[in-house]
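*Asks:* For reference, the chains in residue letters:
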Amino acid sequence: MPERITHSPIDSKQAKPKKAEIHLIKDQCKGCGYCIRFCPKKVLEESQEINARGVRPPKIVDESKCIICSFCTAVCPDFAIFVTEKPCEGGC
Amino acid sequence: MSEKKEPTPKPTNDEVRIGVYVCHCGLNIAGSVDCAEVAKFAATLPNVVLSKDNRYTCSDQGQDIIKKDIKEQKLNRVVVASCSPRLHEPTFRKTCEDAGLNKYLFEMANIREQCSWVHLYDRKGGTEKAKDLVKVAVAKAALLQPAEEIEVPITRKTLVIGGGVAGIQAALDLAETGYRVYLVEKEPSIGGMMARIDKTFPTMDCSICILAPKMSDAGHNSDIELLTNSEVSEVKGYIGNFRVKVLKKPRYVTKDCSACGECTKVCPIVAPNEFDVGLAARHGIYTPFAQAVPSTYIIDMNLCLNKDGVIVCDKCMKACERQAVNFEMTSETVELEVGTIVVATGADVFDPSTLPSYGYGKYPNVITSLEFERLINAGGPSGGRLLRLTDLQIPKRVAFVQCVGSRSDRNGRLYCSNVCCMNTIKDSLLIKEHWPETEVYVFYVDIRAYGKGFEDLYKRARKEGVKFIRGLPAEIVEDKKTRDLLLIGENTLQKEIYKIKAGMVVLSIGLEPRKDAEMIQRLLTLSRTQDGFFMEAHPKLRPVDAATGGIFFAGCAEGPKDIKDSVTQASAAAARAGILMAKGKVTVEAITPIYSPDKCKGCGLCVKVCPYNAITFDKASKKISVIEAACGGCGTCAAECPFDALTQSHFTDDQLEAQVDAVTEQDADKKTVAFCCNWCSYAGADFAGVSRMQYPPNVRIIRTMCSGRVTPKFVERAFAKGAAAVLVAGCHLGDCHYINANYQTLKRVEKLWKKMEQSGLDKNRLQLLWASAAEGEKFANKIREMQTIVDGVKSEEIEKAKKVFEKALGGS
Amino acid sequence: MVEEVMHPFMKYLRSEMIPHIWCPGCGNGIVLNCFVHALDELQKDLDKLVVVSGIGCIGRTAGYVNADSFHTTHGRAVAFGTGVKLANPELEVVVISGDGDLFAIGGNHFIHAARRNIGLKVICANNFNYGMTGGQQGPTTPLEAFTTTTPYGNIEHPFNLVHLAAASGAAYVARWTTLHVRRLTMSIKKMLQKEGFCFIEVISPCPEIFARRNKMRTPLEVMEWYKRASVVENFSDPSKAEISPQRLVVGEFVDVEKVSYEKLLHEKISQINEKAVNW
Amino acid sequence: MSKKALLTGAYFMNGDIACAEGAIAAGCRFFAGYPITPATEIAEHLSERMPEFGGIYIQMEDEIASIAAVIGASYAGLKAMTATSGPGFSLMQENIGLAVMTETPCVIVDIMRGGPSTGQPTLPGQQDVMQAKWGSHGDYGIIALAPSSVQEMFDLTVEAFALSEIYRLPVLLMGDEVVGHMWEKVVIPPAAQIKIVNRKKPHQTPDKYAPFMPDDDLVPPMACFGEGYHFHATGLTHNEQGLPKTQSSEVQSKLVRRLCDKINMNADKIIRYEEVLLGDADVVVVAYGIVARAALSAVRKAREAGIKAGLLRLVTLWPFPESRVARATEHAKAVVVPEMNCGQMVREVERVAKTVPVSSLSKLGEDPHTPKEILEVIKRCA
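Chains as they are written, first to last, in this note's numbering: chain A, 1 to 92; chain B, 1 to 812; chain C, 1 to 279; chain D, 1 to 382.
If we strip away everything but chain A, and leave its shape as in the complex, we get (with noise of 0.2 Å):
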């Protein structure tokens, strides 16, 4: 529909997105840096840390940002990530 959008959405009916909770295995982890690349919300960045396989694992950035496509436990060759919902607080 082409006329502009000005106001942003009001209903209460939308449910708010889980909270992700992000694992990572570091030592699992051999740097390949899929996760990072194909994030679709660029959740991930390379860390500074060694690990115990003498590469860089990921780290988080920002874990609300992520929306547990778990794509990068999908493309991730070493089983070093996986993605989880935050168990919720109370809040729910």
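If you are wondering where the hints come from, they were derived from the structure by calculation, not from laboratory data. Certain hints may be false.
Claimed, not checked - When the alpha-carbon atoms are kept at most 25 Å apart in a straight line, the in silico BS3-like pairs for lysine-lysine are as follows:
| hint | chain 1 | residue 1 | chain 2 | residue 2 |
| --- | --- | --- | --- | --- |
| 1 | C | K11 | D | K208 |
| 2 | C | K190 | B | K255 |
| 3 | B | K623 | A | K41 |
| 4 | B | K670 | B | K40 |
| 5 | A | K86 | C | K11 |
| 6 | B | K307 | A | K65 |
| 7 | C | K194 | C | K44 |
| 8 | A | K59 | C | K227 |
| 9 | B | K255 | A | K19 |
| 10 | A | K42 | B | K265 |
| 11 | B | K318 | C | K44 |
| 12 | B | K318 | C | K263 |
| 13 | B | K763 | B | K747 |
| 14 | C | K189 | B | K255 |
| 15 | B | K318 | A | K86 |
Since chain A is already given, all that's left is putting chains B, C and D on it; use the hints.
*Replies:* This is chains B, C and D only, laid out in the frame that chain A set:
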């Protein structure tokens, strides 16, 4: 695919007997033209056996006279000098036929739109011009030949463009009549504007409640094929035989979708829902509204995480039990063959953010009437509670501002948008109904409650205590603390300044032509009026027909309308299309090319210029053949042929040359010979007349179907005969009624200009004008400009031109 | 953020074998990931699953999956699997191996298994070379590609594996890259629920050995190539499914219903025994 | 009910068919093969017989595939066999090694013809007997049997399956073109008299099970696919868990030595032979396969001529019956070893019969030795 009616009449070689009838049209003509004198003059012209003037030639009596004369006086040509042939040529052709005279033996002189109305205060000049025009008509008439029209079969299918209430109605009517209908809608669902409105005036029915059944009827009707999320990308062919390409954009959800909605629950993408003007949220995979047809969901690929072709997120796929999500879907182009087309593309709403003084976009509590509809709609974002956006509270006072974007050339559009007054009255009553304690103010220019039951509704609103104040606010300012709004303006009744506080301001925005109207115009070779809406073939007599055969209008595409009028017009359009298809055949005017093989050198130029590929070239015989059914009748082939092997029936070289000669016989050096195309420039000239625009009487318009018909030698002949100036006028490039024939016009005029320059002539004497049917003013200005050119031409220049072009007199 | 927790797929793997031997960014890990992901989504009965592999890097896969598994000799995985499947049709026999193993030394077994339409499910990680032996030219090495045995550029025409499989009679044929993890997982699920010979080619990065030699310095560059060049053309003509720097045609190419060899065999057997009764 | 698997009774059949029936009697329910003279009749017969009681017959694309399929079928729980001749036997060596390494019970029949290469498809030979021992790369123990009659083609096939199931390894039945194609009376005994042996099953629960952890007899119990043990087997050097350990010399020597020892240490249980008039024999003839039958009548004729001759017929070629050969030859004056090759088993005989002259009677390219030919040699040595 086309056959001639039998028997073909033998050409009338016997003596030419012309009857001339000069119409007074009450005072419309007689007011500024001495019709009796014109008639007397006509009688003196060659081949004219009788000449009469009467009050209304188009009246039954007027027509009876003609019929009688044809029989008794053995007339074999008839000339009527009255209004524009665009209005009454069909009428008088019928008259002739009734009297047994082939209708192609009739000719008209337009002495109203192009004479009396544009020379209201110059009776002498008007009368002289009228005489000339009659002389020109008679000259052509003498050379007219009887002709038979060919018949083209009509495909009994219709394309309806636009799935709003108008499109739906037209589609249903046609389908129920038994025709196959393709209903093309750009959006994911049909329903259009009406689906977004809460209640309808004046009856106050729930809009979607009465629309939804129609929508699902359209969805289920086996004769209607819905093409949603689709756009028309190409239209070829002609009345009865259109070949249409529709681009079907992918939904990424297959028909297996059961609309259970599980996918939206898991979709991580949240975006404003366009259907709710962004006041509600939707997901990346969604359905625009509950009653959408088709109910199949759709993925917004601009937002989807998988837009790069790699499936990053597969939540919806997993959630879909029926595995209806398919990211592999791609756009496909559907090819349709239809006989008729209904254009129901609707209108856009005015964007008030262009009016800073109203603060829309700056102050959240200033909203548009469309946003209001969603807010007050039970199915809308607020569940039908009228909340102001800053605090989500019900406002104590609501102010409606009328004519936002309407009836003002400075602030939007000149015209009245038709629906805003009643819509506001309806809305004010809705507020009163749900929240009686909320005050409602309406600031208006004047209330237009012209329709059935409208006035009652208006009265009811006043009774309910809605306060109507004449005079739009000059300015709206926001109270930073309360976020209330202060409306400041003049009450033009009380002649006093008002300052009124309101919790919410609703801008009653007008309707305007679709942003993509121009695209549709080009695809279908339509014309548009000055306000940008599509132009009907005749505002009174053919209100739903487009000038292009086989195309009809429904709803706001042709001008702002309320639901009732849209539906009425839709049914009318359906009926008009139905009539064509019921006949199963359409007769093509006998204005197709006449081919003389003996003159043809087989150069093939005509094949190149034909916009309809209606001419084929046979390599073996080095001759051409014409597919008359495919021919659009522009005559540009005749203009292109260097060997006079082609001419256009009813617009032959002889006839047009005779018209030029007639114009230039006397005082050529004071005249402008104008060639105008039937669809745009001639209609523009008529429009100047209808609008009573006054311009000098020096111009003599010779009508061709297309400016592409104007052979350079006609122009040369005019100059050779001593004409002061020549005007060639056509549709705007790209708007040509014959696809692209007027590009040939441009090419030919440019050649002539070069030739004039080379031979030391002032090329200004040949003018080229692109004028649409709506540009009467532009046409009038051109004629005024031509006057100065004519006045500037010296006699030696005239003589020089005569020399340069005398070859053209060789004639044919 | 939490650390050192159990990855949800660990239960499908032999934990003592993880981390695996594969190089950083090696596609084999993704193939394994997608495979167990598919098992997880289908809730496959692991007791009835047999994973068979041949030689080479990807050959180690059998050792990583926590099911009955067998690591055969060079190229024999398909022939071995044939024996398993016929001896016990109840078993889901999945062959996961490489392009060299399956299509050079094992090529004959592959085409004949496909021809018989025996119910084997074959996943081929195609990395265009022999990785484990140090990167020699193989049956899928692209023309002009550099390997340790084509130092001047490869002059052998490579196999088009999906075309070969389709032409040999496979009931299901698909090709994806290791970037298409979702579609790959879906294909594996589909394959595991299908009758007859099924084949999935997975274009897979060999970053350390092949990619380096062919101007792709990092695993990411290889995946970027997949992203840039991939076009999904489901059920298009597999003979036109090209693999080039500009264009990498992926998708499902064949998906037909076809009675499997083992089914036909056991039908025959029961027919014969019917006759025996009537003797 | 389906047709009988075990056709108890007396029949006139050829050696290939007897071998096939022996396999069926032993409980073989999977055959994968590839046509080759002179073993083809085994495949042909099984293609007809197997379906009659639910057994599987499949003709593979080559002999490599055949042995590979046999190994797969065995791991899937069936007794499995393939049959071939020299050229195919060569192709099979690779996966005979795999079967040894993965300790796969199965039977491989080699109906020997004249070699090398394509050689003499239709004539007998005994040129593959050393290949049987050393054919595949690496060190390993193997069992090879040599039938010399059609009846033995039946009996030893049954025996071969028993041994392969007991010791978890491929057992080679080294027939020759003559025993394969010769027609003789065969008695198929009733079920009760047929020794059926099935592989040891694990006595641990799946979580405790280590697929290559041997019992005291050095043979690990065998789980099969689909039984819930989730075990791994590989042709790579592996530990008891079956997981590859390619870098450890300890694991390597432990594994390879066991693969040899489980045969050597059980040799007495495995080895079978036949002895005729050996007690006082001055001339001992050591023979196997079809040649042994000519040797027998040669020995008898020698006795008639007053020469103390005796016959030791090797039924088990591998493991080589060293002690018995040593005993049989220590008091003899001469040993004669007739073979249809250039002298292969004779090397083993020489290795153990140190005190006496051993003469090889080699024959190539036509019918087996005649009794007369052997008798002449006996006379010469006597």
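*Asks:* Could you tell me which of the hints above the structure violates, numbers in ascending order?
*Replies:* Checked against the structure, the hints that fail are numbers 3, 9 and 12, while the rest are satisfied.
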